[in-house]
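Work out the full structure: start from the sequences and follow the hints.
Taking the numbering used here, the leading residue of the sequence shown gets 1, the next gets one more, and so forth.
Hints are computed from structural coordinates only; laboratory data are not their basis. Treat the numbers as computed from the prediction; the structure is a model and nothing was measured. Using N, Cα and C, we set each Cβ at its ideal position, and we do this for glycine too. Among the hints, erroneous ones may be present.
[Said to hold, decoys possible] Within a straight-line C-alpha distance of at most 20 Å, the following computed SDA-like cross-link-like pairs (lysine to any residue) qualify:
id : residue 1 : residue 2
1  : Lys192    : Met119
2  : Lys192    : Leu202
3  : Lys195    : Asn212
4  : Lys207    : Ala111
5  : Lys28     : Asp295
6  : Lys31     : Leu277
7  : Lys255    : Leu270
8  : Lys207    : Tyr123
9  : Lys28     : Arg292
[Said to hold, decoys possible] Per label pair, the in silico range of CB-to-CB distance:
id : residue 1 : residue 2 : range
10 : Ala203    : Ser273    : 45 to 51 Å
11 : Ile77     : Trp129    : 53 to 59 Å
12 : Leu202    : Ile49     : 36 to 42 Å
13 : Gly239    : Leu202    : 40 to 46 Å
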Amino acid sequence: MAKAKKIEQSESQAHAHSFLKAAVREFKRDKIAMISFFFLVIVVFGVFIGSMFIPRDAFSNVDIMDTNLAPFTNGHILGTDDGGRDEFLLVVIAARNSLSISIPVTIVIMAVGIFLGLMSAYYGGFFDWIWMRITDYLSIVPTLMILLTLLTIINNYSIWTLVWVISLFSWIGSMRFFRALTFAERENDYVKASKLSGSSSLAIMWKQIFPNLSSQFYAQTALAFAGNIGLETGISYLGYGLPYTTPSLGTLVNKATDPEVMTQSPWMWLPASFLILALSVSLIFIGQALRRVADQRQSLA
1 MAKAKKIEQS ESQAHAHSFL KAAVREFKRD KIAMISFFFL VIVVFGVFIG
51 SMFIPRDAFS NVDIMDTNLA PFTNGHILGT DDGGRDEFLL VVIAARNSLS
101 ISIPVTIVIM AVGIFLGLMS AYYGGFFDWI WMRITDYLSI VPTLMILLTL
151 LTIINNYSIW TLVWVISLFS WIGSMRFFRA LTFAERENDY VKASKLSGSS
201 SLAIMWKQIF PNLSSQFYAQ TALAFAGNIG LETGISYLGY GLPYTTPSLG
251 TLVNKATDPE VMTQSPWMWL PASFLILALS VSLIFIGQAL RRVADQRQSL
301 A
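Pasting the structure below:
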C-alpha cells in the first residue's frame with residue numbers, strides 16, 4: 001500500500017514537472033505570451049506592494065489647488081482628478097481593489113467547477129442528472145440582473161461580499177467544462193485498472209484523473225481570470241460594485257460618463273481603461289498558450 005502511494009506521488013510530481021517544462025518551451029516560442037506573463041506578474045506584484053506605501057487617506061483627501069492637472073504637472077505623472085487626487089495613486093489603489101476581487105472569485109469558481117465537474121461525471125447517474133438540471137436552470141436565468149439586485153439589497157457590503165455574490169453563478173461554465181473532460185477520462189484504461197486494483201473513488205478522481213486535467217485547469221484558470229476582471233469592472237462601472245469611497249478600475253472608467261471629463265480630461269479614465277484592456281489581453285494570450293500546451297499533451301497521450 002505504501003509502495004503504491006509512493007508510485008502515485010512520483011507520477012503526480014513527474015506530471016507536474018513535465019507540464020512545467022512544456023509550458024516553458026511554449027512561452028519561449030510564443031514571445032507575446034511570455035511578454036504577457038511578465039507584464040501580469042509586474043502589475044500584480046506592483047499594485048499590491050506599491051499600495052502598501054500609499055497613505056490610506058490618498059483617495060479621501062481633497063486638494064482644491066491641484067484639481068484637474070494634466071499629466072506630468074507638479075510631479076503628478078498621470079495628472080489629478082477633480083478633487084486634486086493623484087491619478088497614478090488612484091490607479092494603483094483601484095487595480096489592487098479590482099484584483100482583490102477578481103483573484104478570489106477565480107479561485108472559488110475554479111475550485112467549485114473542478115470539484116463538481118469531477119464528481120458529477122465520475123459518479124454519473126442520478127447525481128449527474130441533478131447537477132445538470134441545476135446548471136441548466138441557472139444558465140437560462142438573467143444572472144447579471146440577479147447579481148445587481150442582490151448588490152442593491154445588501155447594505156454595507158465589503159470586498160468579500162462582492163467575491164461571494166459574483167461567484168454565485170460564475171462556476172457554471174467551469175463545472176460543465178471539467179465534466180465533459182472527465183467523461184472522456186473516466187473511460188480510459190488507467191481508470192479501469194485503478195478500479196480493479198481496489199483504489200477508492202476519491203483516490204482515482206484526485207490522484208489519477210485530475211493530474212491529467214491539470215493542463216486544461218491552468219489554461220481555463222487564466223481565461224476565467226480575464227473574464228472575472230471584466231465582470232468586476234463592469235459591475236463597478238454600473239455603480240453596483242465597491243462603494244464610491246473605495247475606488248476600483250470600473251469606478252475610474254465611470255468618470256468617462258461625464259462628457260466634459262471624457263473630452264477635456266481623458267487622463268482621469270484612460271489609464272484605468274488601458275490597464276483593464278492590457279490585463280485582459282495578457283491573460284487571454286497566457287491562457288491560449290497554456291491551452292496549446294494542454295492540447296499537445298492530450299494528443300500525445
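Each hint, compared with the structure:
A threshold of 20 Å between alpha carbons decides the hint, and for Lys192 with Met119 the separation of about 16 Å falls inside it, so the pair holds. For the proposed pair Lys192 and Leu202, the alpha carbon gap of about 14 Å is at most 20 Å, so the pair holds. The straight-line distance between the Cα atoms of Lys195 and Asn212 is roughly 17 Å, inside the 20 Å bound, and the hint therefore holds. This hinted pair checks out: Lys207 and Ala111 have alpha carbons roughly 16 Å apart, not beyond 20 Å.
Taking the CA atoms of Lys28 and Asp295, the gap is near 17 Å; set against the 20 Å cutoff, the hint holds. Distance restraint check for Lys31 and Leu277: the Cα-Cα separation of roughly 19 Å lies within the 20 Å cut-off, and the hinted pair is therefore satisfied. As the CA atoms of Lys255 and Leu270 are separated by approximately 10 Å, the hinted pair is consistent with the 20 Å bound. This hinted pair checks out: Lys207 and Tyr123 have alpha carbons roughly 16 Å apart, not beyond 20 Å.
Between Lys28 and Arg292, the direct Cα distance comes to roughly 13 Å. Compliance with the 20 Å bound is thereby established for this hinted pair. The given range of 45 to 51 Å is respected by Ala203 and Ser273, whose C-beta atoms sit roughly 48 Å from each other. Checked against the hint of 53 to 59 Å, the C-beta distance between Ile77 and Trp129 comes to roughly 57 Å, which is consistent with it. For Leu202 and Ile49, the hinted distance range of 36 to 42 Å is satisfied, since their beta carbons lie about 39 Å from each other.
The hinted range of 40 to 46 Å is satisfied by Gly239 and Leu202, whose Cβ atoms lie roughly 45 Å apart.
Every hint from the earlier list agrees with this structure, and none is contradicted.
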